[in-house]
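So you can see what is in the structure, the chains are spelled out below.
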Amino acid sequence: MSQQKINQYRRDFLSKTTATAATGAIAPGVMLMSVGQAQARPADKAVTDKNRWGLLVDSNKCADGCSDCVKACESENAWGSGSSDEQKSDAQQKAQWIRTVTLKNKLTGSEHQLPMMCQHCEEPPCVDVCPTGASFKRADGIVLVDKHICIGCRYCMMACPYKARSFIHENLHDQAPEVPRGKGTVESCTLCVHKIDRGDGNTACAEACKHQAILFGDLKDPNSAIAIEMKKHATTQIRADLNLNTGVRYRGI
Amino acid sequence: MKPVVHYSAIEGRSIAYWGLLGTFGLFLLLGLGAVWVMEHNGHYVTGMNNHVIWGLPHVFAVFMIIAASGILNVASIASVFGKKMYKPLSRLSALMAIAFLAGGLMVLMLDLGRPDRLVIAATYLNPKSVFAWNILLYPGFFGAVAVYIWFMMEKRMNQYSHQIGLFAFVWRLLLTTGTGSIFGFVVARNGYDAAVLAPMFIIMSFGFGLAIYILSLMATCRWTGRELGDNVIRQLKNLLGVFIAAMFYFVFVLHLTSLYGTENHGFENFILAEGGLFTQIFWIGWVVIGLVLPIGIVYHPSMSKSRTWIGIASAMVIVGGLASMYVIIIGGQVFPMTIFPGYEVSSSFGDGAIASYTPSIWELGLGIGGITLALAMTTFAIKILPFIPDSLSDELMDPHHAAKTAEADKSETNAV
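Protein chains in written order, with the working numbering: chain R, 1 to 253; chain H, 254 to 669.
For reference, chain R alone in the conformation it holds in the complex:
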């Protein structure tokens, strides 16, 4: 009898610990799943201004010669080395959504590099000048080009103070399904809008940066890592004199 009781206790103990262990093992996944699902925006729901997506780039961490962010963007959005297109265009005609810029201080001679892309301005000059409204800003701060109504006038490229936009000079065939591109229209960094809408919670460039130089997040959420970092440290907007209130901020310049 006592032996039976012991066996019963053992069975109970084993089953409970197994269940606890299993819960412990599965729960984070379940939690992540639910978080992920909460962030994903259903296709029929409008984007709201509750979020303002942005990037914080720490140029002190950006390693010289590294271009992982550029490569990740190329393969995620199928341009440059991420696509077999644009073979006829010369180097100056090829699209470039993100580039690394090397800065040399004229006074001190110190050198460092940083990634440069669409700065997702709150007051984007490209949107102001676009005759058809193809250049537009989503409620969550992402600046995009509607490829259906872009007439290819390139006025937005003239107006962009960051040289962030590219014109497509030839026919394309090798696009990614989620990233529309086409001849005769203008394009630029989309802040991986398809990943954001899907609930990935990160951009390809930020994911790829092994130096943690790029941080993606919601500038409006005071608890987000990006907002906390920006509260802690002084950050810079490129061409802050233009008062565009950029969604991409920098440290170290």
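Just so you know, these hints were derived from the structure itself, not from any lab. Here a beta-carbon is modelled for each residue, glycine too, at the ideal position from N, C-alpha and C. Heads up, a few of these hints could be off.
[Stated by the list, open to error] Residues from chain H that keep clear of chain R, each with C-beta distances beyond 12 Å, as calculated:
{"id": "1", "residue": "His259"}
{"id": "2", "residue": "Glu264"}
{"id": "3", "residue": "Tyr297"}
{"id": "4", "residue": "His304"}
{"id": "5", "residue": "Met362"}
{"id": "6", "residue": "Pro380"}
{"id": "7", "residue": "Ser382"}
{"id": "8", "residue": "Ala399"}
[Claimed, not checked] To give an idea of the interface, some chain R residues facing chain H are shown, with a C-beta separation under 10 Å as derived from the structure:
{"id": "9", "residue": "Val47"}
{"id": "10", "residue": "Val129"}
{"id": "11", "residue": "Arg154"}
[Stated by the list, open to error] Calculated cross-link-like contacts (lysine to any residue; reagent style SDA-like; alpha-carbon spacing at most 25 Å):
{"id": "12", "chain 1": "R", "residue 1": "Lys104", "chain 2": "H", "residue 2": "Gly519"}
{"id": "13", "chain 1": "R", "residue 1": "Lys106", "chain 2": "H", "residue 2": "Gly519"}
{"id": "14", "chain 1": "R", "residue 1": "Lys183", "chain 2": "H", "residue 2": "Val290"}
{"id": "15", "chain 1": "R", "residue 1": "Lys137", "chain 2": "H", "residue 2": "Ala608"}
{"id": "16", "chain 1": "R", "residue 1": "Lys183", "chain 2": "H", "residue 2": "Val372"}
{"id": "17", "chain 1": "R", "residue 1": "Lys61", "chain 2": "H", "residue 2": "Lys381"}
{"id": "18", "chain 1": "R", "residue 1": "Lys104", "chain 2": "H", "residue 2": "Gly595"}
{"id": "19", "chain 1": "R", "residue 1": "Lys137", "chain 2": "H", "residue 2": "Phe438"}
{"id": "20", "chain 1": "R", "residue 1": "Lys147", "chain 2": "H", "residue 2": "Ile388"}
{"id": "21", "chain 1": "R", "residue 1": "Lys183", "chain 2": "H", "residue 2": "Gly595"}
{"id": "22", "chain 1": "R", "residue 1": "Lys104", "chain 2": "H", "residue 2": "Ser599"}
{"id": "23", "chain 1": "R", "residue 1": "Lys88", "chain 2": "H", "residue 2": "Gly528"}
{"id": "24", "chain 1": "R", "residue 1": "Lys183", "chain 2": "H", "residue 2": "Leu617"}
{"id": "25", "chain 1": "R", "residue 1": "Lys137", "chain 2": "H", "residue 2": "Asn379"}
{"id": "26", "chain 1": "R", "residue 1": "Lys88", "chain 2": "H", "residue 2": "Val587"}
{"id": "27", "chain 1": "R", "residue 1": "Lys183", "chain 2": "H", "residue 2": "Gly519"}
{"id": "28", "chain 1": "R", "residue 1": "Lys88", "chain 2": "H", "residue 2": "Met362"}
{"id": "29", "chain 1": "R", "residue 1": "Lys106", "chain 2": "H", "residue 2": "Val290"}
{"id": "30", "chain 1": "R", "residue 1": "Lys88", "chain 2": "H", "residue 2": "Phe438"}
{"id": "31", "chain 1": "H", "residue 1": "Lys381", "chain 2": "R", "residue 2": "Lys106"}
{"id": "32", "chain 1": "R", "residue 1": "Lys88", "chain 2": "H", "residue 2": "Ile614"}
{"id": "33", "chain 1": "R", "residue 1": "Lys147", "chain 2": "H", "residue 2": "Pro368"}
{"id": "34", "chain 1": "R", "residue 1": "Lys106", "chain 2": "H", "residue 2": "Asn379"}
Please build the complex by placing chain H on the supplied structure of chain R, with the hints as guidance.
Relative to the frame of chain R, chain H by itself:
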């Protein structure tokens, strides 16, 4: 009795006429062929790239659009400012204004990445875009000037031609301001961000338009055997001199304003001194050919009396005009933008470097196609409707002046 000016359509049956129209047609076809190549392949066949975004087609298009509003000036001087001598010149002025705007717009539209989406450009308007304002200003100009021509040609409506002339004049000022503002409001680029560009474009339009008008008028009268009085030419030429002087002043002010701000020294140094081809085009094309030489000819004691020289001076203003557009539009783009003040920058996307641009034959073809369209439209329209007076003799145009000249001649003879 007050002399009456008669207008008539040109006969247009000669081999020379059809030959001229045929030549225009050929160039227009070549232009459209160039468009086909550009649109079929994409802009990679052009010299344009992601750094020089607007190339030679914009040089031609902007030149023609601002010249179009300037050509209308001749009519405005008659209807708005009441100068009687200019009245017989008005119809051709209005016609050519429409033709040159059409030519300029053709170039602009066909250089779009997606010219097939023209309907979108007309139906989706972003009210904040200077470009969109222009999309509304262009048809308005066509409409106003077409009505103006109708009022001038239709006797019953003659009495209202002053009002519509005034309206068209105000509209053309808005149009050129709009064109200038396309560049003037671009804060990102050192070469463009100057409010003075809008009034400068208006003054340039006066000069370019009048130069084109003088040449066209002389050619038309000569080829159709219609008299063109010396006094008419003299007055137009004097006006051209004033406009060139005004252009000179604006070029001076533009660069002086720019030089005042230290941040623009790099750009000014590029255009005025070390920009290679751009510096040469600025000094030789824009300043010497476009301003200094024609003003010298126009006010030269003997040259200014020769029609050939007046024609050459007008042609120089046109060449200088194209040069000025090249320097403003292309020069403003090849010079790198200041994204990081205080730093020397370099990247795989041309940051910190002077961009290169070599115009392609297709772009040139499209530009020349636009000019040809304007000339062909004019040549054809003057055969269909009475745009040109039968005579533009001094006696008819300004009897008072003719009488005075005769008197002066008489007293001179008496003195001898």
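Which earlier hints turn out false for this structure, listed by number in ascending order? 3, 4, 5, 6, 7, 9, 15, 17, 21, 23, 27, 29, 30, 31 and 34
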